Amino acid sequence: MAVRQKRKRFEAAIGRIAAASLFALSLGADAQKQRSAPEDVAERADQEKVPHIDEVRDTSLVSTIVLKVIHPAEVTKSIIEAAESLGGFAIFITDERLTLKVPPDKLTGLLEAMRAQGIVVEKTLERQDLTARIAELEGQLKSKTEILRRLREFFRDSHVSAALSVEQSMSALVAELEKVKGELRVAREQARHAVVDISFRFQKRDRVIYVDSPFEWINTVDLDRFLREF
Amino acid sequence: MRPRLQVKRATGILVLAAALCACHAPSHSMATPEHFEKYRDTRELKMITPEGVRLKAREVENYPEADLAFWVDALGRHMQKRGYVLESTRCFDTQTGHRGCTLDLMLPYGAKDWVMSETIFVVGRRVVLVECAGPFSLYAQVKDRLGRALLTFDPGA
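Here the protein sequences come in this chain order: A and B.
Sequential numbering from 681 applies to the first sequence in the numbering used here.
Sequential numbering from 1170 applies to the second sequence in the numbering used here.
A couple of the hints might just be wrong.
Distance ranges between label pairs, derived from CB positions [to be verified]:
#1 B:Gly1279 - A:Ser851: 38 to 46 Å
#2 B:Ser1306 - A:Leu821: 49 to 57 Å
#3 A:Glu761 - B:Leu1320: 33 to 41 Å
Using 25 Å as the maximum straight-line C-alpha spacing, the simulated DSS-like pairs for lysine-lysine come out as follows [claimed, not checked]:
#4 A:Lys757 - B:Lys1250
#5 A:Lys803 - B:Lys1215
#6 B:Lys1215 - B:Lys1250
Just so you know, these hints were derived from the structure itself, not from any lab.
As the structure is a computational prediction, the values presented were derived from the model and not from experiment.
Cβ coordinates follow ideal geometry from the N, Cα and C atoms, glycine included.
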């Protein structure tokens, strides 16, 4: 009798713990929902405000530029102002480098503004289509959310030992969901802003290589030789 | 009599050789750009600014004989293959009617990025080069003055 009572008390305690865990989980999820809801609204509003460079595809654009200027500090200030007027912002500033983010459709405008500031001696543009990745992440998010919803139903109807295992699965799933949400947020951010990395100096210091020209005098044109024989 | 004649002959040959050398010495000339100082102890056209931007003219054989466009193209391609960045090419006519082209080439050198400017004139069997080099920030300050001075360049006969 006493053993049965003890067992009942133990089951009741486990039930209360499980219920509390579920309550905490759902609270966390709701809080996340509440937190992300305004962000989503803002994100959607931003996406409506900033038309994509390609209306259908989500594309990440990264441009690397070597810009030669006489006064880097003044030019840095001026480029940041130009980027801000185009809806962009600076994310990294040093004496020799400047990294900016701008809406993809404003990238050309920013590059033109930079050209007026100095000499663009090197320029690369890397373009990556993120549409498939974003679709994949959205799919994962949807399916995992659906599984979580079903697990909650199982949890409600299951006895104590099953509830514990369901709860473990739910915790793992919530972690996976958060990871997917994070990756999705990063991918969407990459598609929403083009990154412009400006360097006021050559990045590679060992760029001069020795190759022979079939024209003899052309082989004598060299900065080292010029300085040595001056 | 005989030794004196030999001495006279030798002197004559020396004078002739010296005259020939003088004729062959480069006789390039150009107005000194503002901020530059000319080296006066040499027949070469050689100048420098207080900050160290250097300018010197020299000439090489136009071999195989080709025109200005050919050499500008060949030099630009070669320097880019070597890793220099061809920033600009601009061509002009000097006041003496010679056509010249300036290639501005950039490269990292030591702790700074440098510009090496190579101006080419093709004069018959000669290619005359006016070379100027300095750190980018210093060269950029004298670039326009140099461009104006190059309009007065005379590659000589």
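Checking against the hints above, which ones are violated? Result: hints 1, 4, 5, 6 break, sorted rising.
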